[in-house]
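The primary structure of each chain is shown beneath.
2 protein chains.
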Amino acid sequence: MKTKALLAATAVLALAGAAQAQDLAAGAAAARDRALGDQTAWTVLESLTTEVGPRPVGTPAMDRARDWGVAKLKELGFQNVKVERFTTPTWTRQGIDTAEVISPYPQPLHILALGRSASTPPGGLTGEIALFRSYQQFLNQPESSLRGKIAVVTQVMAKTQDISGYANINAQRSRGAAEAARRGAIGYMMRSLSTDDTRLPHTGGGADGGIPSVALSKPDADLLERMVARGKPVTVRINAQSTTNQASTAYNISGEIPGTTDEVIVLGGHLDSWDPGTGAIDDGAGIAITTAAAKLATAGGGRPRRTIRVVMWGSEEQGGSSAAYAAAHKDELSKIVVVGESDDGPEAVYNAALPKGADAHPAMKAFRLALAPLGIVNDLTPATNGGSDVSAMVRAGAPVVEFRNSVLRYMDLHHSADDTLDKVDPKNLSQNVAVWAAFLHTVAYSDIDFRKLAAAAPADAPDVFSRR
Amino acid sequence: MKTKALLAATAVLALAGAAQAQDLAAGAAAARDRALGDQTAWTVLESLTTEVGPRPVGTPAMDRARDWGVAKLKELGFQNVKVERFTTPTWTRQGIDTAEVISPYPQPLHILALGRSASTPPGGLTGEIALFRSYQQFLNQPESSLRGKIAVVTQVMAKTQDISGYANINAQRSRGAAEAARRGAIGYMMRSLSTDDTRLPHTGGGADGGIPSVALSKPDADLLERMVARGKPVTVRINAQSTTNQASTAYNISGEIPGTTDEVIVLGGHLDSWDPGTGAIDDGAGIAITTAAAKLATAGGGRPRRTIRVVMWGSEEQGGSSAAYAAAHKDELSKIVVVGESDDGPEAVYNAALPKGADAHPAMKAFRLALAPLGIVNDLTPATNGGSDVSAMVRAGAPVVEFRNSVLRYMDLHHSADDTLDKVDPKNLSQNVAVWAAFLHTVAYSDIDFRKLAAAAPADAPDVFSRR
Numbered sequence: 000m001k002t003k004a005l006l007a008a009t010a011v012l013a014l015a016g017a018a019q020a021q022d023l024a025a026g027a028a029a030a031r032d033r034a035l036g037d038q039t040a041w042t043v044l045e046s047l048t049t050e051v052g053p054r055p056v057g058t059p060a061m062d063r064a065r066d067w068g069v070a071k072l073k074e075l076g077f078q079n080v081k082v083e084r085f086t087t088p089t090w091t092r093q094g095i096d097t098a099e100v101i102s103p104y105p106q107p108l109h110i111l112a113l114g115r116s117a118s119t120p121p122g123g124l125t126g127e128i129a130l131f132r133s134y135q136q137f138l139n140q141p142e143s144s145l146r147g148k149i150a151v152v153t154q155v156m157a158k159t160q161d162i163s164g165y166a167n168i169n170a171q172r173s174r175g176a177a178e179a180a181r182r183g184a185i186g187y188m189m190r191s192l193s194t195d196d197t198r199l200p201h202t203g204g205g206a207d208g209g210i211p212s213v214a215l216s217k218p219d220a221d222l223l224e225r226m227v228a229r230g231k232p233v234t235v236r237i238n239a240q241s242t243t244n245q246a247s248t249a250y251n252i253s254g255e256i257p258g259t260t261d262e263v264i265v266l267g268g269h270l271d272s273w274d275p276g277t278g279a280i281d282d283g284a285g286i287a288i289t290t291a292a293a294k295l296a297t298a299g300g301g302r303p304r305r306t307i308r309v310v311m312w313g314s315e316e317q318g319g320s321s322a323a324y325a326a327a328h329k330d331e332l333s334k335i336v337v338v339g340e341s342d343d344g345p346e347a348v349y350n351a352a353l354p355k356g357a358d359a360h361p362a363m364k365a366f367r368l369a370l371a372p373l374g375i376v377n378d379l380t381p382a383t384n385g386g387s388d389v390s391a392m393v394r395a396g397a398p399v400v401e402f403r404n405s406v407l408r409y410m411d412l413h414h415s416a417d418d419t420l421d422k423v424d425p426k427n428l429s430q431n432v433a434v435w436a437a438f439l440h441t442v443a444y445s446d447i448d449f450r451k452l453a454a455a456a457p458a459d460a461p462d463v464f465s466r467r
Numbered sequence: 000m001k002t003k004a005l006l007a008a009t010a011v012l013a014l015a016g017a018a019q020a021q022d023l024a025a026g027a028a029a030a031r032d033r034a035l036g037d038q039t040a041w042t043v044l045e046s047l048t049t050e051v052g053p054r055p056v057g058t059p060a061m062d063r064a065r066d067w068g069v070a071k072l073k074e075l076g077f078q079n080v081k082v083e084r085f086t087t088p089t090w091t092r093q094g095i096d097t098a099e100v101i102s103p104y105p106q107p108l109h110i111l112a113l114g115r116s117a118s119t120p121p122g123g124l125t126g127e128i129a130l131f132r133s134y135q136q137f138l139n140q141p142e143s144s145l146r147g148k149i150a151v152v153t154q155v156m157a158k159t160q161d162i163s164g165y166a167n168i169n170a171q172r173s174r175g176a177a178e179a180a181r182r183g184a185i186g187y188m189m190r191s192l193s194t195d196d197t198r199l200p201h202t203g204g205g206a207d208g209g210i211p212s213v214a215l216s217k218p219d220a221d222l223l224e225r226m227v228a229r230g231k232p233v234t235v236r237i238n239a240q241s242t243t244n245q246a247s248t249a250y251n252i253s254g255e256i257p258g259t260t261d262e263v264i265v266l267g268g269h270l271d272s273w274d275p276g277t278g279a280i281d282d283g284a285g286i287a288i289t290t291a292a293a294k295l296a297t298a299g300g301g302r303p304r305r306t307i308r309v310v311m312w313g314s315e316e317q318g319g320s321s322a323a324y325a326a327a328h329k330d331e332l333s334k335i336v337v338v339g340e341s342d343d344g345p346e347a348v349y350n351a352a353l354p355k356g357a358d359a360h361p362a363m364k365a366f367r368l369a370l371a372p373l374g375i376v377n378d379l380t381p382a383t384n385g386g387s388d389v390s391a392m393v394r395a396g397a398p399v400v401e402f403r404n405s406v407l408r409y410m411d412l413h414h415s416a417d418d419t420l421d422k423v424d425p426k427n428l429s430q431n432v433a434v435w436a437a438f439l440h441t442v443a444y445s446d447i448d449f450r451k452l453a454a455a456a457p458a459d460a461p462d463v464f465s466r467r
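In order, the protein sequence lines correspond to chains A and B. Okay, so the first sequence: first residue is 0 according to numbering that gives the first Met the number 0, each after it adds one. Okay, so the second sequence: first residue is 0 according to numbering that gives the first Met the number 0, each after it adds one.
Just so you know, the hints here were simulated from the structure itself, not pulled from any lab data. Hints may be right or wrong, so weigh each one.
[As the list claims (entries may be wrong)] Using 27 Å as the maximum straight-line C-alpha spacing, the simulated DSSO-like pairs for lysine-lysine come out as follows: (1) A:334 with A:158; (2) B:334 with A:231; (3) B:426 with B:364; (4) A:158 with B:426; (5) A:426 with A:451; (6) B:426 with B:158; (7) B:73 with A:426; (8) B:451 with B:426; (9) A:158 with A:81; (10) B:231 with A:73; (11) B:329 with B:231; (12) B:73 with B:364.
Keep in mind it's a predicted model, so treat the numbers as computed, not measured.
Using the sequences provided together with the hints, build the complete structure.
Written as structure tokens, this is what we have:
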């Protein structure tokens with residue numbers, strides 16, 4: 000009798016589970032299809048890029064962006080709209096960065112100073128260049144060997160669908176200035192981390208060398224290579240002014256679709272941008288995708304079990320928002336079901352990785368079912384990263400999801416003046432919203448416990464692909 | 000006997016003609032093949048863009064370009080290298096042109112002043128914009144209707160293989176400023192004449208309205224359209240300084256491969272460029288193509304019958320070199336066999352048009368034979384234009400040839416900072432050299448008389464294509 004009752008109870012639970020999974024699958028598919036036919040993300044992105052434009056942290060534009068974010072969340076019906084202040088060091092470009100070859104062939108160069116670059120003297124910094132076509136060749140130079148020189152590194156970034164092309168060369172920007180300074184250089188120039196061929200340089204953070212440090216456009220890096228190949232000394236002048244503020248005010252802004260429990264799903268994008276473009280792909284797109292997805296995930300299903308909280312992080316490019324957010328929310332960490340960020344642009348998602356151990360759960364099976372028409376690799380290697388702004392929460396133990404975007408076009412535009420709305424394909428934008436909406440639906444309307452599933456999972460992750 | 004002797008003599012002449020045609024065909028094919036395997040044009044273009052770069056007429060860079068041109072012609076073995084001075088009005092940008100939306104949504108705009116634009120006051124010119132998405136809609140505005148406004152015209156250029164996309168919209172640049180001024184506008188902004196989507200504006204001549212007149216990049220024109228669509232007044236500030244000089248010194252530079260007669264073939268490109276790019280495609284390519292072609296046309300054939308003269312015209316972008324050249328050479332006009340210019344960039348030639356009545360001549364049949372492997376439409380409509388710098392000679396009666404380049408990519412880059420060496424495909428560059436070399440060979444080693452053939456030709460030209 001006891002066994003029989005247990006079996007019966009299990010059967011009832013299994014039936015209930017099957018019914019729930021069926022509801023989730025239908026709900027996820029419906030959320031996906033709403034997203035594919037919806038304009039919300041485009042409208043949000045068009046509004047942000049038109050009415051705010053570039054919004055570097057620590058500038059008045061960021062204050063306008065904050066006000067825009069609050070108004071937009073309220074307008075879209077989000078509740079508990081909050082502005083969480085924090086302070087962070089910021090670097091701000093002053094005026095227009097210029098550079099030129101002085102000799103032997105006077106020509107202008109198109110540059111942008113990198114974040115944290117030191118200012119040049121008001122009239123500019125002049126020096127002979129020492130050019131390296133490989134970052135490793137540059138690192139091979141002994142200390143003091145570049146004394147009085149402007150170091151130039153022109154290694155070319157690989158064009159890859161995933162982020163590996165960028166990751167592989169990132170040190171050229173994030174470490175190059177410090178390495179140049181350590182070798183006695185008075186300035187640092189590098190080929191932009193870019194896969195395009197326009198005359199627009201790409202900025203970015205990390206030039207913590209205490210010397211003026213700038214990115215060259217692709218044609219300008221080529222030009223310096225050709226000049227150096229002629230064997231005569233090449234002298235360059237750089238003029239780039241900037242200011243730093245050790246304690247700027249910044250903001251993490253959030254809004255919620257409340258659930259019936261105290262559990263929370265935290266996702267979003269970052270509201271700040273670099274200054275040359277309008278922050279359409281980086282990361283207006285992430286703001287637009289996650290905001291629209293939260294709305295569409297719940298549009299047809301009544302009040303969800305979990306709260307969906309969309310966050311517009313306020314200082315990704317120069318850092319600070321991730322730590323500030325994790326610190327402010329450390330007491331609710333155990334209630335955070337899963338975190339995620341959309342910050343690799345609006346090209347199609349081509350790969351989806353879930354938290355460890357979650358793939359076999361009915362809710363995630365329902366989610367994977369919904370992805371079938373969207374052309375996405377079901378990656379069985381667990382997600383580990385999720386994005387800069389959720390990294391502090393992930394390190395503190397929050398489960399994380401990753402929807403990976405193709406960056407083939409993104410890396411043509413990233414951190415340059417070409418980061419503009421016209422580069423965004425509305426169809427791809429909708430595909431992104433569909434992925435997030437389907438995921439949010441299955442998590443918000445289920446009781447899936449990612450922490451428990453991870454704890455029960457075998458230590459070794461399976462291979463991502465079977466190639467046999 | 001008399002008749003018999005005449006027939007015999009005619010037969011001998013016909014045989015001689017056939018032999019000459021066969022030699023020409025073989026010579027043209029050999030010139031073509033030399034060109035396809037040769038690096039001269041690339042080397043010349045690499046040298047000009049690296050060692051000189053931007054070279055607007057009326058600036059010290061043009062003096063460096065002149066010295067470069069003289070040295071390069073001598074280095075390549077050209078004889079009678081000459082510098083012909085002339086004076087012409089010039090317009091020169093001073094500093095970096097900037098613009099921004101002041102209200103309702105403060106954002107920077109990427110602009111470049113157009114040639115002949117008036118300077119703004121030192122602090123900039125501020126005004127409310129009146130935006131027209133069609134040039135005709137703008138022209139439909141009555142006089143004085145734009146009083147105190149900055150007129151903005153954002154019509155989009157068509158992307159076409161031939162030059163019709165540019166020709167169709169050229170008035171937006173060459174006439175727009177004057178039309179805006181006539182309607183009382185205090186400034187004029189226009190969407191760049193461009194088929195690309197980068198944030199780089201495209202400059203160009205013709206802004207003779209007496210008001211500040213600038214080109215917007217594509218994303219910036221889009222941005223103003225989106226702001227205006229919101230219905231609030233949009234105020235913009237433009238800051239663009241320039242100087243004009245009514246009598247700058249300019250130079251037409253030439254070198255020759257001497258022939259055995261006093262007849263001359265005149266061809267070339269223009270040495271001056273606009274300032275934002277390095278003048279690689281406009282018109283370093285034309286300089287490189289024609290210089291290399293002259294060398295390769297004669298490399299295997301001994302001294303030609305006609306002199307081949309390569310000219311580096313010195314003020315195409317701002318005008319003046321065509322009239323100066325025609326005036327300086329009016330006394331030799333009857334000795335000029337044919338003129339031509341390469342000034343539509345280095346993409347493949349897809350269409351070749353010969354002087355009127357010339358197609359049936361054995362020399363031109365030999366030339367057409369040589370084109371067969373190069374993928375070129377044999378256009379039977381006679382050439383009428385040939386390029387800005389030969390237009391004055393053509394008007395004076397010189398026969399003209401036209402080798403038309405695809406401009407599908409050219410119009411992405413034209414007159415912008417993106418006019419750089421890396422945009423040039425060496426294979427296409429060689430194809431251009433091959434076309435010109437084959438043509439020069441057949442004309443220089445024959446006695447084809449284009450004037451006589453034109454006079455004997457029927458008045459109506461045949462249709463260019465049979466589509467049946």
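Results for each hint:
1. A:334 with A:158: Given pair residue 334 of chain A, residue 158 of chain A is violated - Cα atoms ~40 Å apart, limit 27 Å.
2. B:334 with A:231: violated, 45 Å
3. B:426 with B:364: holds, 25 Å
4. A:158 with B:426: holds, 23 Å
5. A:426 with A:451: This hinted pair is violated, its Cα atoms lying about 36 Å apart.
6. B:426 with B:158: Within the cut-off at roughly 23 Å; holds.
7. B:73 with A:426: violated, 57 Å
8. B:451 with B:426: Judged against 27 Å, a Cα distance of about 36 Å means the pair is violated.
9. A:158 with A:81: violated, 39 Å
10. B:231 with A:73: holds, 23 Å
11. B:329 with B:231: Measuring from Cα to Cα gives roughly 59 Å; hence the hint is violated.
12. B:73 with B:364: violated, 33 Å
Figure legend: structure checked against the earlier numbered hints; hints not met, in rising order: 1, 2, 5, 7, 8, 9, 11 and 12.
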